[in-house]
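J.: Read top to bottom, the protein sequences are chains B and V.
Here numbering that gives the first Met the number 0 is used: the first residue of the first sequence is 0, the next is one more, and so on.
Here numbering that gives the first Met the number 0 is used: the first residue of the second sequence is 0, the next is one more, and so on.
Incorrect hints may appear among the rest.
Keeping only pairs whose Cα atoms sit at most 16 Å apart, straight-line, the calculated EDC-like set for lysine to aspartate or glutamate is [claimed, not checked]:
{"no.": "1", "chain 1": "V", "residue 1": "28", "chain 2": "B", "residue 2": "171"}
{"no.": "2", "chain 1": "B", "residue 1": "69", "chain 2": "B", "residue 2": "32"}
{"no.": "3", "chain 1": "B", "residue 1": "136", "chain 2": "V", "residue 2": "54"}
Sample of chain V residues lacking proximity to chain B, with all beta carbon distances greater than 12 Å (derived) [to be verified]:
{"no.": "4", "residue": "1"}
{"no.": "5", "residue": "4"}
{"no.": "6", "residue": "32"}
{"no.": "7", "residue": "34"}
These are computed hints drawn from the structure, not numbers from a lab.
On a predicted model such as this, the values are computed, not experimentally measured, just so you know.
The C-beta atom is built at its ideal place from N, Cα and C for all residues, glycine as well.
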Amino acid sequence: MENILYIKMRHRVEVENKKEIKVEDIAILVGPEPLIREVESVVIYHIIPEDQNLVILDSAKLIKAILNSKPNVEIQLIGLSQTIIEVIIKRRTHSLGLFIIVWVLLFVGAAMAIMNFHEDVSMQEVHQKLYRLITGKNISKPLIMQIPYSIGLGLGMILFFNHFFKKKFNDEPSPLEVEIFNYQQDLDQYVIMHENKENIKHIHDH
Amino acid sequence: MAGGLAVGSGFVAFLTVLGIVPRLTQLTKTINRIRHYEWAVVLGAILGGWVSLADTIFYLPSLILIPIGLASGIFNGMLAAALTEVLNVLPILSKRIGVQEKIVVLMMAIVLGKVIGSLFQWIFFVDL
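Throw the hints in and build the complete structure from the sequences for me.
T.: Structure representation (structure tokens):
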């Protein structure tokens, strides 16, 4: 009874120039205090340069390493069954030049996209017609509604992403944050399956 | 009648996919009023359909066009923001060049691009 060890693996761990991964790095241990102290410093894995920056350690490896050093412990796995280890070789440097290029790209792209959209739906004609409908006068450039329209365009986007009113309305994540989370989740799922070669067993792999 | 049914259901499907109404109710926490929002969309579509087909003229002062323009702009802005291009491009792009913290700045590039592109079109481009 006093030999049960509950293990919860972490989802994602960042390590910096560390050569060996210990149990305590990738898992949270619950159980008798002396047992935890004995197990937490067990080395599971040595990072080699060929690993590059992603290593997946799954529960099988973890349990095997623990049982090797302490055979008569009963392990209960709770939660995740693998940990993604991100080896940070050097801190990412933010290249300002690249950032400015991307900024300009997005800016010009967005401007062109909206102009093409307006041409596509003949927005100019619609605005002229709307102006005549409301006032009864014909005018070629109904700027009185087009300038508020343009400002509203920006306001609507900001409102949708909810960056400035965050504190005011609520603290739910914005659609963009959810989208970033989903993207990261997909990436994690991919590396879990593909970096860990043991997950896939081909029929010709004898 | 058949054409109207097809276009009407298509329009509602389009709005549903983009999720502007849910987003607005989420922002304002008025989920219990969603019935009224549905009717606002339906009545707006009917009114827009009517005035674009019939040649009704209201003879109102042109100042009324300012709030109309602003509201239609906000709606279009939310539409543009909800389009998947923006939602998919930003996370990938920011991760590729490693600027997750500056994603707001990148978003502002798109917002300013839309505003200035639109202003440029109305003020100069239409004369060309």
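J.: Say whether it holds or is violated: residue 4(V) keeps its Cβ farther than 12 Å from all Cβ of chain B.
T.: holds, 22 Å
J.: Say whether it holds or is violated: residue 34(V) keeps its Cβ farther than 12 Å from all Cβ of chain B.
T.: holds, 21 Å
J.: Minimum Cβ separation between residue 1(V) and chain B greater than 12 Å?
T.: The claim holds: residue 1(V) sits with its nearest Cβ about 24 Å from chain B, beyond 12 Å.
J.: Are residue 28(V) and residue 171(B) close enough, with their CA atoms no more than 16 Å apart?
T.: Given pair residue 28(V), residue 171(B) holds - Cα atoms ~11 Å apart, limit 16 Å.
J.: Quickly compare the C-alpha distance for residue 136(B) and residue 54(V) to 16 Å and report which way the hint goes.
T.: Cα-Cα ~13 Å, so holds.
J.: Please verify that the nearest CB of chain B lies beyond 12 Å from residue 32(V)'s CB.
T.: Given that every Cβ of chain B is farther than 12 Å from that of residue 32(V), nearest at about 16 Å, it holds.
J.: Can the restraint linking residue 69(B) and residue 32(B) be considered satisfied, given a maximum Cα separation of 16 Å?
T.: holds, 15 Å
The structure is consistent with each of the numbered hints, conforming to all of them.
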